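2 protein chains.
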Amino acid sequence: MSSAFQPLSAASSVAGEAAGQAFTFPPSQYLPLDSGERLSPLSIAWKTFGRLNADRSNAVLLCHALTGDQYAAETHPVTGKPGWWSTMVGPGLPIDTNRFHVICSNVIGGCMGSSGPHDIDPATGMPYGLQFPVITIRDMVRAQAMLLDHLGIATLACVAGGSMGGMQALQWASSYPERVHAVLAIATAARHSAQNIAFHEVGRQAILADPEWSEGKYQTLGTNPRKGLAVARMAAHITYLSEAALHRKFGRNLQDRNALSYRFDADFQVESYLRYQGASFVERFDANSYLYITRAMDYFDLAADHGGVLANAFKGTQTRFCVVSFTSDWLFPTAESKKIVHALNAAGANVSFVEFETDRGHDAFLLDVPEMFQTLRGFIDSVAQARGIR
Amino acid sequence: MSSAFQPLSAASSVAGEAAGQAFTFPPSQYLPLDSGERLSPLSIAWKTFGRLNADRSNAVLLCHALTGDQYAAETHPVTGKPGWWSTMVGPGLPIDTNRFHVICSNVIGGCMGSSGPHDIDPATGMPYGLQFPVITIRDMVRAQAMLLDHLGIATLACVAGGSMGGMQALQWASSYPERVHAVLAIATAARHSAQNIAFHEVGRQAILADPEWSEGKYQTLGTNPRKGLAVARMAAHITYLSEAALHRKFGRNLQDRNALSYRFDADFQVESYLRYQGASFVERFDANSYLYITRAMDYFDLAADHGGVLANAFKGTQTRFCVVSFTSDWLFPTAESKKIVHALNAAGANVSFVEFETDRGHDAFLLDVPEMFQTLRGFIDSVAQARGIR
Chain A
43 MSSAFQPLSA
53 ASSVAGEAAG
63 QAFTFPPSQY
73 LPLDSGERLS
83 PLSIAWKTFG
93 RLNADRSNAV
103 LLCHALTGDQ
113 YAAETHPVTG
123 KPGWWSTMVG
133 PGLPIDTNRF
143 HVICSNVIGG
153 CMGSSGPHDI
163 DPATGMPYGL
173 QFPVITIRDM
183 VRAQAMLLDH
193 LGIATLACVA
203 GGSMGGMQAL
213 QWASSYPERV
223 HAVLAIATAA
233 RHSAQNIAFH
243 EVGRQAILAD
253 PEWSEGKYQT
263 LGTNPRKGLA
273 VARMAAHITY
283 LSEAALHRKF
293 GRNLQDRNAL
303 SYRFDADFQV
313 ESYLRYQGAS
323 FVERFDANSY
333 LYITRAMDYF
343 DLAADHGGVL
353 ANAFKGTQTR
363 FCVVSFTSDW
373 LFPTAESKKI
383 VHALNAAGAN
393 VSFVEFETDR
403 GHDAFLLDVP
413 EMFQTLRGFI
423 DSVAQARGIR
Chain B
43 MSSAFQPLSA
53 ASSVAGEAAG
63 QAFTFPPSQY
73 LPLDSGERLS
83 PLSIAWKTFG
93 RLNADRSNAV
103 LLCHALTGDQ
113 YAAETHPVTG
123 KPGWWSTMVG
133 PGLPIDTNRF
143 HVICSNVIGG
153 CMGSSGPHDI
163 DPATGMPYGL
173 QFPVITIRDM
183 VRAQAMLLDH
193 LGIATLACVA
203 GGSMGGMQAL
213 QWASSYPERV
223 HAVLAIATAA
233 RHSAQNIAFH
243 EVGRQAILAD
253 PEWSEGKYQT
263 LGTNPRKGLA
273 VARMAAHITY
283 LSEAALHRKF
293 GRNLQDRNAL
303 SYRFDADFQV
313 ESYLRYQGAS
323 FVERFDANSY
333 LYITRAMDYF
343 DLAADHGGVL
353 ANAFKGTQTR
363 FCVVSFTSDW
373 LFPTAESKKI
383 VHALNAAGAN
393 VSFVEFETDR
403 GHDAFLLDVP
413 EMFQTLRGFI
423 DSVAQARGIR
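Chains A and B, in that order, give the protein sequences. Take the first sequence: its position 198, counting from 1, is numbered 240 in the numbering used here, and each next residue is one higher. Take the second sequence: its position 173, counting from 1, is numbered 215 in the numbering used here, and each next residue is one higher.
The hints are simulated quantities; they were obtained by calculation from the structure and are not laboratory data. Note that the coordinates shown come from a computational prediction; the quantities given were computed from them, not determined experimentally. Any given hint might turn out to be false.
Copies of the same chain look alike in the list, so a pair counts if it fits in one copy or across any two.
[What the hints assert, rightly or not] Straight-line alpha carbon distances no greater than 25 angstroms define the calculated DSS-like cross-link-like pairs of lysine-lysine that follow:
1. 123 <-> 381
2. 123 <-> 259
3. 259 <-> 357
4. 123 <-> 357
5. 259 <-> 381
6. 291 <-> 380
7. 380 <-> 259
8. 357 <-> 291
9. 291 <-> 123
10. 380 <-> 123
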């Protein structure tokens, strides 16, 4: 395969700029990174949903997961599908856009308009590729704080996110406690486990194994490591589900046939489903972004930044926390949420914890789980009340 | 990469023939396959450990797992490492070669001397590649039965195996009940689950994505899909362990460094370990064999061959069964073993079931688990007693 690389950020840049929601900071406002490097210029693309009120007290920041983006509650410009949290965010929904001003920005390292490896490196005039600096969850959050400064929003009613979004929400509470009234952290962890690092490493190696990855220079060379990225997605996708859900949805059902083919076709529905997940993912995501963002998640270890004691990350916090997990989530199991809760308790924080019974695995945070919506609505309503948001 | 393909079976063929333990059946003795095709000529490579007694009552058949081979209790000719079950099989060990004549053959589809996709297709004079017929667990067992006929061994004291080896052991009890006194089935299932099929499909797609796979004709073309096979192995290897074991062994420990590199090097020990697993695997295994054997496992559904009722697979059985599982095995969890046990109970079979507490995951069946050895020694001793083996 040697089809020309389609810069995936193009569509979003157009969409983002049409709504005035992309900004490139002047060189003086560079982003200092945990690595010691500086990212400049820093570009951020974001979307907003609902109006900012007069006293600027009703802002909610949504943090997206590994392969998410700013299209939380709006049709995705590439896939044409509903936003990733369109069940949660909107008029009358738990995060009610009639009351809240919801902001969602593409993370740095991403491929939907914020600075990432697909950008032009000012030092060379060529796409960064692997010359883009390695970034961390804290760097992502630091960039979001710069965006809020740019938007003139001093404090947030809530920072909410699932999976990597939950990591960012926890990092927000730790880095900028005075700016965060409440945190909603779903299906997440305060550090990435060895098993999760291992799965990410498989995905990265699948990309690096694709000769079209071309040492990360595929944009320049007109190649595209679609096959490697698809394999990475397939491996990851299994971890987002549960054994029980896979059994319920697919079992050993055959795809479009009555008997085994005795060939290497996708005999089983689960094979066909996985192949589709891989093939559709590469239409909307960038391989180098996948490398950078998985690396950021692997590097995440909130306690390590605080002498190895997680409670110290939240010392003296006034933020209210709601921590949520799902019984069948084996990627970010309940035990990880409980570690967060224990640390918050040790720090004397105001924290609620709920584990929802579901067989839908890690992806449950993106799905229609009525009990979760009901609980989160209660938490968010109480945040609105405390902040005087009507 | 375009290094010439090294036929991995070469070393073993030499070793096997030196011990007189490889045989190619005459064309009249073809292997009938579940697909309806015939495999001819059929070659089988095997090893034996311990002597056959005068009344030929002390034969034990070991069935190997996906990436295993006939070198169960002997130094591996390619890796130079001890045999895969050298803790279990040998003088004075639970499967005691002072008492038993242990036979272990490379499965058909494999790459250590038995017929597989690397063989020359008599129809074309070229290596089979994907022209090799798709095979099943039952085909593997049928080939083993032909080997036993060739060796003049009518009945087996025991058929033993873990994982795919356990599938074969169950198939033996179902296909040839009168030939099997006892079955030892460890960390296995009577059918492959949707999640397990999904993981196998990721591995296959990783191989197929490697351009050096060359539509399966890499032997002829002098290429070798090493990178794809390594990615397949890495993904699979995670499933052989447990989250707890990965945490205990590696956690977030860094490899040969004191701080994060902020690069894509293997910062974490678990990354380095996985890369090693992938790289060393491709030195001893063949990519097409990996496709065929994973397919055979995915196709395995013992109940499906018996009207969907697993108990019917064991109807009227006189075989004694020992079924073993491990608490932390999420690839072949205890629930799968219990389904086997329930079916055996429904068939009125003599069955023991033991679940061992360990954090070592699926691979525990290959490891030094003293409690397991003790239990299995008891089971095998009782088999010896019943068969009058001293």
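Evaluated hints:
no., hint, in the structure
1, 123 <-> 381, "neither (35 angstroms within a copy, 41 angstroms between copies)"
2, 123 <-> 259, "neither (30 angstroms within a copy, 40 angstroms between copies)"
3, 259 <-> 357, "neither (44 angstroms within a copy, 61 angstroms between copies)"
4, 123 <-> 357, "neither (41 angstroms within a copy, 52 angstroms between copies)"
5, 259 <-> 381, "neither (40 angstroms within a copy, 51 angstroms between copies)"
6, 291 <-> 380, "between (29 angstroms within a copy, 22 angstroms between copies)"
7, 380 <-> 259, "neither (42 angstroms within a copy, 51 angstroms between copies)"
8, 357 <-> 291, "neither (44 angstroms within a copy, 31 angstroms between copies)"
9, 291 <-> 123, "within (21 angstroms within a copy, 42 angstroms between copies)"
10, 380 <-> 123, "neither (34 angstroms within a copy, 42 angstroms between copies)"
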